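> Below are the chains, spelled out letter by letter.
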Amino acid sequence: MDDLVAIERFTGLYDRYRNRVYAYAVSRAGRQLADEVVSEVFMAAWRRLDELPGDPLPWLLVTARNVIGSEFRATARQESLAAELSLWGSAVAPDIADEVSERQAVLRALAALPEADRELLTLSAWHGLSPRDAASVAGCSVATYFVRLHRARRRLERALAGSPESRRPHEMASQQERQP
Amino acid sequence: MDIMDLLTQARPGSLDPGPETDRRASDLAKAIATPRAGMTAQPGASLGGRWASPSARVIATGISVAALAGIAGVVVALSATGTPATRPHPPAARAGTAVATPGALRNAILTAFNGVGGDIFYAEITEIYPGTMSRWNGIQQNWSYPIQPQAGQRVHVRSVLVPSNPSDKSDTEYIYTEPSGAKAALPTNTEIIFVQYGNRTWSDTTALVATQTPAASLQELRESIATGDFTAARKTELNGQTVLELTAHYKDAGKESEQTVWVDPATYLPVQTLSDGGGIKIQVDYGFLPPTPANMAELKATIPPGFTRTATIQKGP
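Residue numbers (our numbering), protein chains in the order written: chain U, 1 to 180; chain A, 181 to 497.
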């Protein structure tokens with residue numbers, strides 16, 4: 001491929017997918033490392049430009065996943081992710097509105113889950129991947145993906161049920177249901 | 181409501197990058213211009229060395245981490261747009277004279293690097309991109325002191341971005357205490373003064389920043405020289421100055437690039453480097469300054485008369 005053609009193609013790829021790779025990187029490694037992850041992923045994409053699949057997003061996210069796992073010290077990654085997760089749970093005061101409170105409760109419950117659960121849930125809910133693509137990124141078969149996602153959903157529901165903020169809306173709903 | 185719907189609605193805004201990403205894109209393109217030998221791109225493989233602009237990385241990291249530290253919601257437009265502000269490129273090498281063996285020259289350069297650890301490092305980076313990436317064209321002026329800080333030592337960094345569009349010009353000063361080795365890669369408390377020419381404002385703040393000084397590019401150059409990337413050497417002239425020229429060729433995934441470094445034969449310190457690949461040219465002019473009061477003054481951001489102080493870093497115009 002001619003260099004200038006490759007650059008144009010790469011620029012298009014970058015403009016289209018950088019936000020999605022960034023979002024995945026933030027959710028897996030926190031903002032402090034996300035920029036570097038994005039850079040590494042697209043450097044890899046540049047070098048494999050001729051071989052990228054027609055829908056490159058799963059490839060880009062798999063690369064991001066592997067970069068996160070191999071390029072950073074575990075402590076740095078954990079600290080960055082911990083900072084991110086703590087922000088998810090504390091960005092807004094919990095008593096502003098029930099809707100906000102519930103959103104915070106969901107994020108706190110998500111933050112309390114094992115990393116593998118968090119990834120499966122967010123691949124679908126936040127990153128918009130189809131089950132096949134999500135399974136590809138998670139490194140498992142589609143069937144396994146559904147089983148693991150089901151379990152992750154159950155654990156998220158249990159974590160949410162244990163959250164003080166989440167009880168209020170649910171309890172209110174239950175009280176309303178009991179009213180004649 | 182289904183738990184997955186709740187989760188979808190709870191998606192945090194922090195997953196979306198701010199406009200400063202354009203600046204990072206410039207770093208990325210720079211990395212593309214200089215593929216490194218031995219780099220692989222299989223998912224999961226270590227990608228090895230990097231050639232991103234340290235100054236831009238400092239700024240980009242500073243802003244994002246500053247946001248993390250409590251000024252979330254405000255962003256800084258750091259994108260460089262417009263036509264390139266070109267600098268004269270090194271003249272074509274004249275019929276050169278062979279000099280000492282690359283090995284001997286390499287050792288002399290590495291020895292010279294060791295002798296300037298207490299100096300002020302200056303690097304002026306000129307970036308020229310083809311096609312649609314030309315919006316990243318521009319010049320960065322970077323100063324850092326000391327070049328090789330010791331743990332506990334105060335580090336001063338200044339970075340001036342001079343894109344063709346005057347409204348995008350910025351001047352940033354960072355001061356922090358060099359962390360100990362184990363914490364070198366982690367964010368550290370940093371005093372930041374940020375001057376934006378577009379809206380004629382300046383701000384000062386303290387934020388957690390994972391720092392990498394502009395002098396890190398010198399370390400990368402040192403590593404390239406130490407690992408023998410530069411194999412050809414000859415004497416030539418650069419802007420009227422006699423210099424030694426070393427060239428490295430890289431080929432990765434069928435794409436070729438070249439990096440040339442011109443070295444002062446008296447000091448064996450780099451005068452200029454030019455990376456050229458895929459139509460992207462990155463030129464760096466180097467300076468090594470003794471820490472005199474006059475030179476130290478260059479490390480301070482300049483706040484022009486009439487600029488308004490703002491409480492936090494403000495969004496650009």
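Treat the hints as calculated values from the structure; they're not laboratory data.
These numbers were taken from a predicted model, which means no experiment stands behind them.
Every residue gets a Cβ at the ideal spot worked out from N, C-alpha and C, and that includes glycine.
Don't take each hint at face value.
Listed next, with one range per pair, are the computed distances between beta-carbon atoms [to be verified]:
# : chain 1 : residue 1 : chain 2 : residue 2 : range
1 : U       : Arg151    : A       : Ile483    : 39 to 47 Å
2 : A       : Asn369    : U       : Val5      : 27 to 35 Å
3 : U       : Phe146    : A       : Glu438    : 36 to 44 Å
So these bits of chain A aren't anywhere near chain U, every CB distance computed over 12 Å [said to hold, decoys possible]:
#  : residue
4  : Met184
5  : Asp185
6  : Leu186
7  : Thr188
8  : Gln189
9  : Ala190
10 : Ser194
11 : Pro197
12 : Gly283
13 : Ala288
14 : Tyr309
15 : Thr357
16 : Val375
17 : Gly378
18 : Thr490
> For every hint, state whether the structure bears it out.
Consistency of the hints with the structure:
Taken as a hint, the range 39 to 47 Å is violated for the pair U/Arg151 and A/Ile483, whose Cβ atoms sit roughly 57 Å apart. Range check, A/Asn369 to U/Val5: Cβ separation about 46 Å, and the 27 to 35 Å hint is violated. Between U/Phe146 and A/Glu438 the C-beta distance comes to about 51 Å, which lies outside the given range of 36 to 44 Å. Non-interface call for A/Met184 relative to chain U: violated, since the shortest CB-CB distance, roughly 5 Å, does not exceed 12 Å.
The claim that A/Asp185 is not at the interface with chain U is violated, since a C-beta of that chain comes within 12 Å of its own (minimum 8 Å). Against the 12 Å criterion, A/Leu186 falls within the reach of chain U, whose nearest CB is about 5 Å from its own CB. Non-interface status of A/Thr188 relative to chain U is broken: a Cβ of that chain comes within 12 Å, the nearest being about 5 Å off. A beta-carbon of chain U is positioned within 12 Å of the beta-carbon of A/Gln189; the least distance is around 7 Å.
With a least beta-carbon separation of about 4 Å from chain U, A/Ala190 fails to lie farther than 12 Å from that chain, contradicting its non-interface assignment. The beta carbon of A/Ser194 is not kept farther than 12 Å from every beta carbon of chain U, the shortest such distance being approximately 6 Å. The non-interface label for A/Pro197 is inconsistent with chain U: the shortest C-beta to C-beta separation is roughly 5 Å, within 12 Å. No Cβ of chain U approaches the Cβ of A/Gly283 within 12 Å, the least distance being about 30 Å, so the stated non-interface status holds.
Annotated as non-interface, A/Ala288 keeps its C-beta farther than 12 Å from every C-beta of chain U; the closest such distance is 32 Å. Not every CB of chain U lies more than 12 Å from the CB of A/Tyr309, the least distance being 8 Å, so the non-interface label is violated. Once the 12 Å rule is applied to beta carbons, A/Thr357 is consistent with being away from chain U; the minimum gap is 19 Å. Consistency note on A/Val375: stated as away from chain U, and its beta-carbon is indeed over 12 Å from all of that chain's, at 23 Å minimum.
The Cβ of A/Gly378 lies farther than 12 Å from every Cβ of chain U, with a closest approach of about 23 Å, so its non-interface assignment holds. For A/Thr490, the condition that its CB be more than 12 Å from all CB atoms of chain U holds, with the nearest at approximately 23 Å.
Checked against the numbered hints above, the structure breaks hints 1, 2, 3, 4, 5, 6, 7, 8, 9, 10, 11, 14 and satisfies the rest.
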